[in-house]
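Chains A and B, in that order, give the protein sequences. If you count the first sequence from 1, you need to add 63 to reach the working numbering. If you count the second sequence from 1, you need to add 12 to reach the working numbering.
Keep in mind the hints are simulated off the structure, nothing from the lab. Source: prediction; values computed, not measured. Just so you know, even glycine gets a beta-carbon here, dropped at the ideal spot from N, CA and C. Check each hint, because a few of them may be wrong.
To be verified - Computed Cβ-Cβ distance ranges for the label pairs, DEER-style:
1) D43/B with P125/A: 42 to 48 Å
2) S69/A with P28/B: 55 to 61 Å
3) A82/B with Q164/A: 30 to 36 Å
4) I64/B with A186/A: 40 to 46 Å
Claimed, not checked - With the C-beta cut set under 8 Å, the calculated list includes, among others, these residues of chain B facing chain A:
5) A26
6) I64
7) D81
8) R85
9) Y86
10) Q89
11) E92
12) F136
13) D139
14) E140
15) L142
Residue-level listing of the chains:
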Amino acid sequence: MPAPSSLTCLVVDDQQTMRSLVRSGLQQLGFRTIYEAPDGEEGLRHMLARPIHLVISDYNMPKLDGLGLLRAIRSHPPIQKTAFIMLTGRADKELVQRAVQFGVNNYLVKPFTVGTLKEKIEAIFGVLA
Amino acid sequence: MNRTPAAHDHAYAAEPRKIHVIQGEFHVADDDDVVLTTILGSCVAACMRDPIAGVGGMNHFLLPGETGDAGLRYGVQSMELLVNALLRKGARRERLEVKLFGGAHLFDGLSDVGGQNSAFAERFVRDEGLVYVGGSLRGDRARRIQFWPVSGRARQILLAPTESKVFATERRQPVVKPVEDIGALELF
Chain A
64 MPAPSSLTCL VVDDQQTMRS LVRSGLQQLG FRTIYEAPDG EEGLRHMLAR
114 PIHLVISDYN MPKLDGLGLL RAIRSHPPIQ KTAFIMLTGR ADKELVQRAV
164 QFGVNNYLVK PFTVGTLKEK IEAIFGVLA
Chain B
13 MNRTPAAHDH AYAAEPRKIH VIQGEFHVAD DDDVVLTTIL GSCVAACMRD
63 PIAGVGGMNH FLLPGETGDA GLRYGVQSME LLVNALLRKG ARRERLEVKL
113 FGGAHLFDGL SDVGGQNSAF AERFVRDEGL VYVGGSLRGD RARRIQFWPV
163 SGRARQILLA PTESKVFATE RRQPVVKPVE DIGALELF
C-alpha cells in the first residue's frame, strides 16, 4: 500500500497532449514525481538514468514502440521488474496478448478516466494510500 | 452536334467518391478520387494531410462538455486515432498540415460548446507542433465541409441560420435531413 508520492512514474507517448492528460491524472491520484518521454528510446534513457517504479506507455510511437520498450525493460536486469502499463487505442486483443507475453502488468484503453487509471495502478501496487 | 474527345472526356469525368465522416469517426485516404465530407455544428473536424506522402484524413469530434481533462480526453483520442492512421499510411508527423473547421455557437444562452471544441483543437495543434494552414472555426452557422485528402483542398459551405438550428436539433436523430446551401466558400 505505497503512497503515490513515494512512487516515480514515467509517461511515454508521442503526443504531448496525451502525456499531459496522463500526468494530470497521476497528479490527481497523488503522484508527484513524473517524467515524460516522446518515444521508447527516450523512455529507455530515462529508465537507465534514474529509478522508475511505474511506466505508462503508449503502443504506437516512433523509433521504439511500446512493445519494444517493454521488451527492452524486461531484458535489462537492473530495470526488468519495473511496473509497466500499456496504453492502447482500443481493446486490441492481439496487442494485449503480445504485451502479456512480454510481461506487461496491465493495460489501459484510451480514452480512460482517472478512476480507471487508479484501478489499473492499484491492481499492481495495491490500494493507493 | 459533334463533340471533341476532350470535351467528351470532361463531360463524363468520374465524380469523386464521397466518404461522409460522422461524429466520433475518422477516415484517411491516399486516393485522388476521394473527397471526405462532413456537416458540423458545434463539433470540430480536423483535416490533416502529408503533402509528401500524399495521404490525408478527417476526424469529427465533440467534447462532451465536461470540465477539465474529463472532457478533453475524447478530443485527444479522436486526434490520436487520426494521426496514427495517417502515420500508418506513410505520413510523417512533422510534415502534417492541419485545417480546422466547425465549433459554431448555434444557440444563444447555452454554453459555448463550439468555442470549447475550437479552443481544444487549436491548442492541440499548437502543443503537438503541427502545421496549421487554415480553416474556419466558431461563428454561428453550421457548416458542410469537403476535404480532398491528397491535394489538401478544402471547401466550406455555410448553412443558413435557420437551417443551422434545425441541423443542431436534428443531429441527435438517426437521420439528418438534407439542408439547403446558401453559398460556398472555397478555402486555400
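A quick look at each hint next to the structure:
no. : hint                          : verdict
1   : D43/B with P125/A: 42 to 48 Å : 25 Å, violated
2   : S69/A with P28/B: 55 to 61 Å  : 58 Å, holds
3   : A82/B with Q164/A: 30 to 36 Å : 33 Å, holds
4   : I64/B with A186/A: 40 to 46 Å : 43 Å, holds
5   : A26                           : 34 Å, violated
6   : I64                           : 16 Å, violated
7   : D81                           : 5 Å, holds
8   : R85                           : 4 Å, holds
9   : Y86                           : 6 Å, holds
10  : Q89                           : 4 Å, holds
11  : E92                           : 6 Å, holds
12  : F136                          : 5 Å, holds
13  : D139                          : 5 Å, holds
14  : E140                          : 6 Å, holds
15  : L142                          : 10 Å, violated
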